[in-house]
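Here the protein sequences come in this chain order: A and B. According to the working numbering, the residues represented by the first sequence are 1 to 320, in order. According to the working numbering, the residues represented by the second sequence are 1 to 320, in order.
These aren't lab readings, by the way, just hints derived from the structure by calculation. Keep in mind it's a predicted model, so treat the numbers as computed, not measured. C-beta: ideal position from N, C-alpha, C; glycine also. Possibly wrong hints are sitting among the right ones.
[What the hints assert, rightly or not] Some but not every residue of chain B turned toward chain A, in silico, with C-beta under 7 Å:
| hint | residue |
| --- | --- |
| 1 | R59 |
| 2 | M108 |
| 3 | V126 |
| 4 | N208 |
| 5 | L211 |
| 6 | Q212 |
| 7 | E298 |
[Stated by the list, open to error] Within a straight-line C-alpha distance of at most 25 Å, the following computed DMTMM-like cross-link-like pairs (lysine to aspartate or glutamate) qualify:
| hint | chain 1 | residue 1 | chain 2 | residue 2 |
| --- | --- | --- | --- | --- |
| 8 | A | K147 | B | E125 |
| 9 | A | K147 | B | D110 |
| 10 | A | K141 | B | D110 |
| 11 | A | K220 | A | E256 |
| 12 | B | K147 | A | E125 |
| 13 | B | K220 | B | E156 |
| 14 | A | K138 | B | E125 |
| 15 | B | K131 | A | E301 |
| 16 | A | K250 | B | E57 |
| 17 | A | K141 | A | D82 |
| 18 | B | K141 | A | E145 |
| 19 | A | K294 | A | D269 |
| 20 | A | K131 | B | E125 |
| 21 | B | K294 | B | E313 |
| 22 | B | K131 | A | D110 |
| 23 | A | K220 | B | E57 |
| 24 | A | K141 | A | E125 |
| 25 | B | K250 | A | E57 |
| 26 | A | K138 | B | D110 |
| 27 | B | K131 | A | E145 |
| 28 | A | K131 | B | D110 |
| 29 | B | K147 | B | E28 |
| 30 | A | K141 | A | E301 |
| 31 | B | K131 | A | D148 |
| 32 | B | K138 | A | D110 |
| 33 | B | K29 | A | E125 |
| 34 | A | K138 | A | D110 |
| 35 | B | K220 | A | E57 |
| 36 | A | K147 | A | E57 |
| 37 | A | K12 | A | E256 |
| 38 | B | K141 | B | D110 |
| 39 | B | K147 | A | D110 |
| 40 | A | K131 | B | E28 |
Residue-level listing of the chains:
Protein chains: 2
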Amino acid sequence: MAEPRVSSIDGKLNEEFAVPSHVEEVKEKMSAFAKHHAAAGRRVVLITSGGTKVPLESRTVRFLDNFSSGRRGACSAEYFIDSGYAVVFLHRHRSLYPYTRTFSTINMLDALQFRSDEAFGNSGEVVVNQKVLPNIAKVLKRYQEVKDSRLLLPIEFSTLSEYLHLLKAAAQALSTIGSMAMFYLAAAVSDFYIPASEMPEHKIQSSNGPLQLSLNMVPKILSPLVKDWAPQAFVISFKLETDAAILLDKARRALETYRHQVVVANVLDSRRGYVVVVTPSTQAELILTEEDVKNEVEIEERIVSNLTSAHQEFITQQVG
Amino acid sequence: MAEPRVSSIDGKLNEEFAVPSHVEEVKEKMSAFAKHHAAAGRRVVLITSGGTKVPLESRTVRFLDNFSSGRRGACSAEYFIDSGYAVVFLHRHRSLYPYTRTFSTINMLDALQFRSDEAFGNSGEVVVNQKVLPNIAKVLKRYQEVKDSRLLLPIEFSTLSEYLHLLKAAAQALSTIGSMAMFYLAAAVSDFYIPASEMPEHKIQSSNGPLQLSLNMVPKILSPLVKDWAPQAFVISFKLETDAAILLDKARRALETYRHQVVVANVLDSRRGYVVVVTPSTQAELILTEEDVKNEVEIEERIVSNLTSAHQEFITQQVG
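The shape of chain A in the complex, shown without the other chains:
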């Protein structure tokens, strides 16, 4: 099967997906971030995280979405920082965020209380009840360290259009640091969209009867990313399936098609305890044992450890 020409994908991107107004400004910011950290000898990873929103109407009431809490991306960002990386965190608005993700299921007002001070009476001071959030001091300390060291650059998207244009900008911004850059593409990106030209302006009326939707295929942005935008970078894509039988085959085919370095393959139901890291020449299963789960080990720690080693080797080969 002939692959679409890169130039045609680039053209399509500008014609059929609205360019966010702040894309150049964000690109500048990412570029400065990457150069600053690379100059200090630090590697930089671009993490994409969360699902993309695909509008069905131009004044959007309805949209298609992809299942993704953003847990894997948010969690991985922390381990990359712990491993000495600087992180550009390109994530879906309101998806899980590094550090805060650890208490995302708790209503914060249930974790706060008024401080009563024997010496001074009720001070009006509001404190965290550390029985409700036992790790808060540790998490806050780490969050503040990371913030002070500016190791985390958060960038938000909501729609598929925003995602595609911001990823392109990120790729071009990080290409300036060559093989020191890693792309960790964990976002759940829609495969389908409705082109702007075929989208109704107003809310689709239910009185018109059942709805027929015809969706086009989203251009495979991995192709120009690897070939043109950041050709020296270390690139990891993710493959999520619900059917384990087709997973590894699809992972291998992706590597052949896009010629990038790694596919992390996982199945929806077991994704928190089992992944396969697939490269053109290797295949490593990462598994959490019951013991690991009891000790609250997260599989992202293993994934990140595997990939940072592979990235190191990749850099050495490029130089040598």
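Knowing the structure of chain A, use the given hints to seat chain B on it.
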């Protein structure tokens, strides 16, 4: 146009929309809540809030969604409680929540700090920085009062199926208190769905080419709600359009079709500053002035004030 028979909607609900396993348990809880408060002379409002998720695959990776942060529902819940109502808050998982909604845009870790105490040194205590969250003491106090008085019963849904079955259960549970019950149906419910029988099990493969989706119309649950499940209750539905020209006509037609008491009509772009409260015999515009906006008045305060008066009148007429 002949209306679908109620019994057929009820049948369809069980055939085509998976029944959540906890529906009976939740119904019991709502029923006890309603009876308890009605016995104390308190009116009870069921608020629905947030958008519904419509899966495209049975092991769901992709879904259709409706634009809705849940702001209107969460905010209205607070004003209903201030007006003496007990509130069943049937809301989309992770949509905005009463009281916490006031700081939903802030990363909580940016609002926390370690308490340094001159007398005792660094205590490891984590406190809220009230420069970042200036209203936190007031909000926390009110939240705790409401919690202690058990005036708020939160129930979550994610999918359209969960929403439909839980709303039916709520209607039946609240029907026991007759006209003391109000339904404030602010959720953004999908008009379209894919029946379980036509849904693929596994993730739709993009390699099969462009996607054709054929969606059925969701049964109009307002019809059995008004006629059968809670015939004595005071029922408000919401109508959101992007096209102002068709809005009032659609609101009037809804009142004629479903024979409930009120439609709150609003246009997407202006929904935070302008709504029309439409009843069979009246039409009231509620508008925030620039002055109101400066004073942080919320339009939900006006909506709730209008509706609680109308509900009072409705109860008096029923008794009289």
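Taking the hints in turn, this is what the structure says about them:
no.	hint	in the structure
1	R59	4 Å, holds
2	M108	6 Å, holds
3	V126	4 Å, holds
4	N208	10 Å, violated
5	L211	4 Å, holds
6	Q212	6 Å, holds
7	E298	19 Å, violated
8	A:K147 - B:E125	20 Å, holds
9	A:K147 - B:D110	10 Å, holds
10	A:K141 - B:D110	11 Å, holds
11	A:K220 - A:E256	14 Å, holds
12	B:K147 - A:E125	20 Å, holds
13	B:K220 - B:E156	21 Å, holds
14	A:K138 - B:E125	11 Å, holds
15	B:K131 - A:E301	36 Å, violated
16	A:K250 - B:E57	19 Å, holds
17	A:K141 - A:D82	14 Å, holds
18	B:K141 - A:E145	32 Å, violated
19	A:K294 - A:D269	19 Å, holds
20	A:K131 - B:E125	12 Å, holds
21	B:K294 - B:E313	32 Å, violated
22	B:K131 - A:D110	21 Å, holds
23	A:K220 - B:E57	22 Å, holds
24	A:K141 - A:E125	20 Å, holds
25	B:K250 - A:E57	19 Å, holds
26	A:K138 - B:D110	14 Å, holds
27	B:K131 - A:E145	21 Å, holds
28	A:K131 - B:D110	21 Å, holds
29	B:K147 - B:E28	20 Å, holds
30	A:K141 - A:E301	20 Å, holds
31	B:K131 - A:D148	19 Å, holds
32	B:K138 - A:D110	14 Å, holds
33	B:K29 - A:E125	35 Å, violated
34	A:K138 - A:D110	19 Å, holds
35	B:K220 - A:E57	22 Å, holds
36	A:K147 - A:E57	38 Å, violated
37	A:K12 - A:E256	23 Å, holds
38	B:K141 - B:D110	21 Å, holds
39	B:K147 - A:D110	10 Å, holds
40	A:K131 - B:E28	31 Å, violated
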